[in-house]
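Engineer: Read off the chains here:
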Amino acid sequence: MRPATSGIRKTPDRPGGLDGQIAIVTGGTSGIGRQVCLALAQAGASVAVVGRNSARLAAVVAEVEAVSPAGAFSRGALGLKLDVCREEDMANMAAQTLKHFGRIDILVASAGILRGEDSRPAMLLGLTSQEWDRVVDTNLKGVFLSNRAVLKTMREQRFGQIINVASLTGRRAVAFDTPYSASKFGVVGLTEALAREMQPYGVRVQGMLPGNTDTPIWSQNEPLPRAAQTLPASRVAGLIVFMLTRPQDSTLGEMAIAPLRPKAPSASRLGYPEPQASD
Amino acid sequence: MQRCDRQTLAGQTAIVTGGASGIGRATCLSLARLGAAVVIVDLNQQLLEETSREIKNLAGVPDPLILPKDIRSETDMEDMARVTLEKFGRIDILVHSAAILRGRGSGPKMMVDVDVAEWDEVIDTNLKGTFLCNRAVLPAMVQQRGGQIMNISSTSGLQGRALDSIYCASKFGVMGLTQALAEEVRAYGIRVQVVTPDAIDTPMWDQNGPIRPPGDSLPASRVADLIAYMVALPLDAILGNVVIAPFRFRRRKKRDDVDQV
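As you go down the protein sequences, you meet chains A and B in turn. Residue 5 is where the first sequence starts when you use my numbering, and the numbers rise one by one after that. Residue 1248 is where the second sequence starts when you use my numbering, and the numbers rise one by one after that.
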């Protein structure tokens, strides 16, 4: 019997119900991706953590194993030092996950950058091609390569789920962030097209549009300040796991999540009650 | 480490309009299961009592309150808020699910044949009803510096559809109203969200004449569970672009032609 490779499988209809499923998380060593690894493990999944930094990989693998429910279906974590920009690395990601765990049920594509490490927010008119390539290769081509790498397996299984982490910037662009904006609009388009393409095969492809989130990506935005209000990365990860655990008869498309409170309430200037008063 | 599945609404009061049938009824059950005291608002007394009994049959959940009120009536909506406050002291959650697809006794028709009476009936129920019930709970929520409103629009509130012109206009209106209100009151810690369901298996299809629901329409509980997740989410976050649609996958013979590609 090949329960995982013949047609649709019912995802257990309870939050946290990913017992025994095999997940890959790109960008899994920091920010949203790291929290997704932990949340998936708590929900009972085994996780292949993909990242470029060996020390951080080892640390996240240890964290994931520590939160995996004891004695459950989980078979722990696998660290994969790979780069989403490289075609052969992504092929390797799928091959090594299959070799270690036997199948691939879930891919969460969370690897993304705001700009190059030595770069600052900048107008397009002075942007180098190298800087453009760095952002678009990681954010957009990385989603293409990581998605494509797992799709053959998922199509054969007639089961599988992909969640691509885009950004609110994928719907409303931001000045001085042209490559990032273009790449994230691209991720939304790729995700919608792929969702339509793979639905007949039982492969559910969804997107996620997080607003300002408390992750290390802000260090790439200096000297601009951090947003006054940010979401904890675990909040975004919780939503991703919720989407993954929905029964397979429905799909949620591309959900957006943002911090509730804005930084500058204007109501009191119009004579309305002071928002901060009492609680 | 916090588990993402530990959600509760214990101690909270939730009003659900259109709560005696369809998505509203399923939402009453989902919220009650999370521990909320539910105020069921609907026009149909018999369905109100049925829904109330169904909730009372759940073990260990607060007793619901039923209110036969009309969302089209300003005084009814003010009464709804007042009675809820008298009984529970707070209004934490409003889920506004009451809506109609078309005028009583009407069927799918081209806009050229729509009369003003039917226009008014649908817009008054779906759009003005949203205004009236949302407005009714806001003074209490502003005073509490917290609360939640969940409006139900439709994928017809994102994309127009032939033969449904009034319904689409009303549901686009619900999207605009919700987005404006959300921005207006978020500084008070009030979260206003909207969900846009695609084909759902509810009695609303009875208003669609010869057009039957697609075979893969989702059970109303699917939307209700999503609503429950959205209101139980910690109040530091707000969700947008919430579309729930059937996942159209049929088991079929292996498509070898495509698999060879």
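Just so you know, the hints here were simulated from the structure itself, not pulled from any lab data. Each residue gets a CB set at the ideal place from its N, CA and C atoms; glycine is no exception. Some hints here could point you the wrong way.
Derived, one-sided and incomplete: chain A residues facing chain B with beta-carbon distance under 10 Å [to be verified]: (1) Ser58; (2) Glu92; (3) Arg124; (4) Leu128; (5) Arg138; (6) Tyr205; (7) Gly206; (8) Arg208; (9) Leu213; (10) Gly242; (11) Asp253; (12) Pro263; (13) Arg265; (14) Gly275; (15) Tyr276.
Engineer: None of the hints should be skipped; say for each whether it holds.
Structural biologist: Evaluated hints:
1. Ser58: Violated: closest Cβ of chain B sits about 24 Å from serine 58 of chain A, beyond 10 Å.
2. Glu92: Given a least distance of 22 Å, the restraint on glutamate 92 of chain A is violated.
3. Arg124: violated (29 Å)
4. Leu128: Violated - the Cβ of leucine 128 of chain A stays beyond 10 Å from chain B, reaching only about 27 Å at its closest.
5. Arg138: With a closest approach of 29 Å, the arginine 138 of chain A hint is violated.
6. Tyr205: For tyrosine 205 of chain A, the interface hint holds, since the closest Cβ of chain B sits about 7 Å away, which is under 10 Å.
7. Gly206: This hint holds: glycine 206 of chain A lies near chain B, its Cβ roughly 4 Å from the closest one there, short of 10 Å.
8. Arg208: Holds, because the Cβ-Cβ distance from arginine 208 of chain A to chain B comes to roughly 6 Å (cut-off 10 Å).
9. Leu213: holds (7 Å)
10. Gly242: holds (4 Å)
11. Asp253: Aspartate 253 of chain A check passes; min Cβ-Cβ to chain B is 6 Å, inside 10 Å.
12. Pro263: holds (6 Å)
13. Arg265: holds (6 Å)
14. Gly275: violated (13 Å)
15. Tyr276: holds (8 Å)
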